[in-house]
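Those protein sequence lines, which keep their order, are chains A and B. Using my numbering, the first residue of the first sequence is number 53, and each one after it goes up by one. Using my numbering, the first residue of the second sequence is number 3, and each one after it goes up by one.
Treat the hints as calculated values from the structure; they're not laboratory data. Ideal placement from N, C-alpha and C gives every residue a C-beta, glycine not left out. A few of these clues could be false.
What the hints assert, rightly or not - If the Cβ cut is set under 7 Å, some of the chain B residues that face chain A in the computed set are:
1. Ser-208
2. Pro-222
3. Ala-224
4. Gly-335
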Amino acid sequence: MAQHDTSPDPTVQPPPPPGLPVLSVHGLQKTFGAVRALVDGSIDLFAGEAHALLGENGAGKSTLVKILAGVHRPDAGAIYIDGRRTVLDDPGAARDAGIAIIYQEPNLFPDLSIAENVFMGRQPLRRGRRIDTSAMHDKVAAVLDRLGVRLDPGRISRGLSIADQQIVEIAKALTLDARVIVMDEPTAALSAIEVERLFRVVRSLRAGGAAVLFISHRLEEVYTLCQRVTVMRDGAHVVTKPINGITSDEIVRAMVGRDVVNREAGTRRQGGQIVLDVQRLSREGDFADVTFQIRAGEIVSLAGLVGAGRSEVACTIFGIERRDAGSVAVDGVPLKSGSPDVAMAAGVGFVPEDRRQQGLVMSMSVAGNIALASLARLRRHGLIRSSVERTFAADWAARLQLKYGRLTDEVSTLSGGNQQKIVLAKWLSRAPKLLIVDEPTRGIDIGTKAEVHRLLLDLADSGVAVLMISSELPEVLRLSDRILVMREGRLVAEFSGAEATEEGVVAAATGQHVVASA
Amino acid sequence: MSLSLHRQDTAASGSAVVENPRRLVDTIFRIREFGIIAVLVGFVAITTALQHRFLEAQNVKFILLDATIFALLALGETMVVVSREVDLSVGSVLGISAYISANLFGQFHGIPIPLVFAVGIAIGVVCGTVNGAITAVGRVPSLVVTLATLYIIRGIDVLIVGGGQVVVSSLPDSFVAIGQSTLAGIPDVTIAVAVLIAAGAYYLRSFRSGRELYAIGSNPEAARLAGIPTAKRIFTSFVLSGAIAGLAGVVWAAYYGTVDSTAGTGYELTVVSAVVVGGVAIFGGSGSVVGAAFGALLLETINTALYVLGISAFWDQAIAGFLLICAITLDHGITLTLTSALRRRSPRGA
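Construct the complete structure from the given sequences, taking the supplied hints into account.
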């Protein structure tokens with residue numbers, strides 16, 4: 053990058069952007085088959101501004117981003133760069149026009165090194181058009197340093213956590229020296245500290261004259277980072293305003309077209325009998341000496357930074373990962389190490405963090421995915437009748453208010469929120485005693501998020517024990533009866549839902565203060 | 003701040019956790035390159051212990067020459083396989099190139115040998131262009147495309163050759179000498195092919211278009227988003243594979259002398275086996291041409307060793323099949339081990 057300043061950024065709000073927009077799109081339209089994904093995509097981006105683009109899933113944000121990326125060609129409408137009409141034929145053309153995209157889902161080359169992932173297709177060259185590997189590694193090391201992460205540029209990217217994969221995507225965009233940077237939910241997988249680092253980088257990009265288009269479902273972030281906001285709904289532009297001229301209620305109303313009542317956590321339940329009993333659970337290198345219990349009807353959250361070992365604990369309880377020491381029991385029945393079968397038989401359901409890779413069979417139908425964990429029950433003489441499967445799936449789809457075309461559609465065609473509902477339906481249909489949910493609302497729009505929250509609360513009311521992992525503190529605070537905080541592989545604090553505050557949890561998670569441990 | 007603390011803590015207190023996977027990972031990387039050589043050395047040692055004549059100069063020369071043709075084909079095949087495609091037509095391309103090029107000597111007396119090589123390569127380029135165009139532009143899976151061209155090219159070969167054949171006596175001595183001359187006991191052809199393979203390895207490692215083949219094989223969608231001209235790259239890899247198969251045909255003719263319509267039949271399976279045994283991932287993204295060449299050498303060594311030891315040729319194919327399964331299982335195992343080792347090595351975990 054041209055600018056490397058890490059000095060504090062100007063916190064003053066910039067004046068209304070003067071002059072010509074760097075990027076301007078007007079009346080973009082795009083139709084896929086019968087679906088009108090984009091009806092009126094319009095936005096102006098000025099140099100030096102961070103501009104939020106908000107809308108529910110299906111509002112057309114992703115299609116707009118893909119048009120800017122050169123992946124899709126619009127059916128109608130125009131793209132202007134510096135006032136000149138431009139056609140973005142392919143991703144290379146978008147890149148050459150100075151547009152960099154950070155996609156919501158990291159999309160890396162697992163067999164290649166981090167450095168190659170960052171520079172693929174535009175590696176620095178030395179004499180004879182050969183790739184200058186050491187220069188490439190140095191540049192990537194410098195960018196990673198700027199992002200404040202310690203990753204070896206020469207390491208292959210297979211096995212990177214989602215957060216690290218996202219970091220690699222961000223590094224890719226930063227090395228492009230782009231004038232327009234589109235960030236499609238870059239913070240979804242990041243911990244609070246990494247988000248703060250990313251924001252610092254965004255501010256220095258702005259100071260360097262770049263325009264940032266920032267897409268997020270977290271309104272707090274938008275208010276922290278952005279100067280202007282554009283809301284889209286049903287494929288069309290709804291409103292563009294300076295951020296200090298619009299309240300979050302107005303934004304939400306513009307997004308959903310109606311008022312959304314954020315359900316406050318109801319009366320805190322008294323827990324029933326102990327469902328999950330975890331004793332001194334340890335796994336070398338990931339976490340150690342984790343002991344806690346969850347009672348029937350309780351929602352217990354594991355809070356902490358990404359990498360604190362929360363997901364690893366969940367995977368070990370469910371048996372995807374083996375444990376080195378300790379015990380796990382459900383309803384008094386001990387679970388075997390490394391055996392999800394036993395955990396499922398004991399009544400444990402698991403909604404994983406990465407729903408595309410771990411939660412769903414993307415190429416299978418809606419019905420097939422919903423029925424997947426219940427095939428043993430649906431079986432007659434060893435055969436699955438598709439009519440039985442469909443009836444079963446239709447029932448659960450209705451209960452969860454799933455929005456889909458046909459039950460035979462591939463789940464990959466559904467929005468993120470509806471995909472998550474399918475994962476939930478898959479497990480709920482097994483009537484679990486314990487449901488483990490890892491980042492249940494990551495990348496899900498506000499409307500669906502509220503539905504998932506209500507679902508989890510109803511579930512707890514019906515006596516299911518819920519173990520939730522979430523990096524979104526408001527969600528944790530709203531839903532949890534108890535909050536367990538992990539740091540560096542250990543449980544360091546416990547809060548009751550009533551006494552927990554955002555500051556207290558963050559302090560415990562980052563170790564900034566000594567917090568009385570439970 | 004606390005993240006970096008975390009990392010230092012892990013490094014300081016849990017050095018066993020951090021160090022072991024690192025060593026493990028490094029070792030595995032080395033095994034990927036050298037494991038095949040270890041198997042090769044072991045096989046040669048056992049065979050030589052049982053039958054001392056195995057390492058005689060003449061025998062080594064035969065092994066090297068046979069392996070050279072497969073290693074050459076494997077060079078082109080690797081470029082195709084790393085980009086998640088496959089070229090099954092190489093045996094047929096070799097066959098038609100061998101016949102047409104060798105037949106030139108009978109048709110045009112005194113034709114310069116370099117021109118014959120050029121014709122052979124040109125035939126390969128034509129075949130590779132057809133494969134590449136249908137795969138990259140027509141977006142038909144290459145498994146189907148090259149399976150079809152395997153039969154089509156062989157059919158054309160049979161039409162041209164009929165029941166005839168080219169015999170050694172019709173070939174000029176200088177052409178036949180190409181397959182016979184040696185330098186310090188190593189056939190000249192082997193040295194030339196080794197140089198080609200080294201060049202291929204350097205190209206795949208150090209040039210953008212070479213790395214892009216790996217990128218396409220590793221994640222085609224991400225390759226497209228990175229602005230890589232995937233169709234063009236895949237097309238080029240098929241043309242290269244075809245050209246190399248055409249070249250191999252001329253070498254084959256010089257080495258064997260007698261060419262009929264069955265030349266190179268079934269070679270595609272040996273070549274794909276060699277590539278996979280040599281550590282190239284069948285679904286693309288990783289592997290090297292050097293590994294593939296050693297894969298070819300290993301298969302050929304086993305072939306000859308069994309013959310020398312007086313074991314039925316049936317076992318040759320059985321063992322090749324067994325090795326293939328070992329290679330694929332090992333590859334899968336390595337990937338899993340590597341993934342979990344890297345997860346643990348990664349300071350934040352998964």
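Hint check results:
{"no.": "1", "hint": "Ser-208", "verdict": "holds, 5 Å"}
{"no.": "2", "hint": "Pro-222", "verdict": "violated, 10 Å"}
{"no.": "3", "hint": "Ala-224", "verdict": "holds, 4 Å"}
{"no.": "4", "hint": "Gly-335", "verdict": "violated, 14 Å"}
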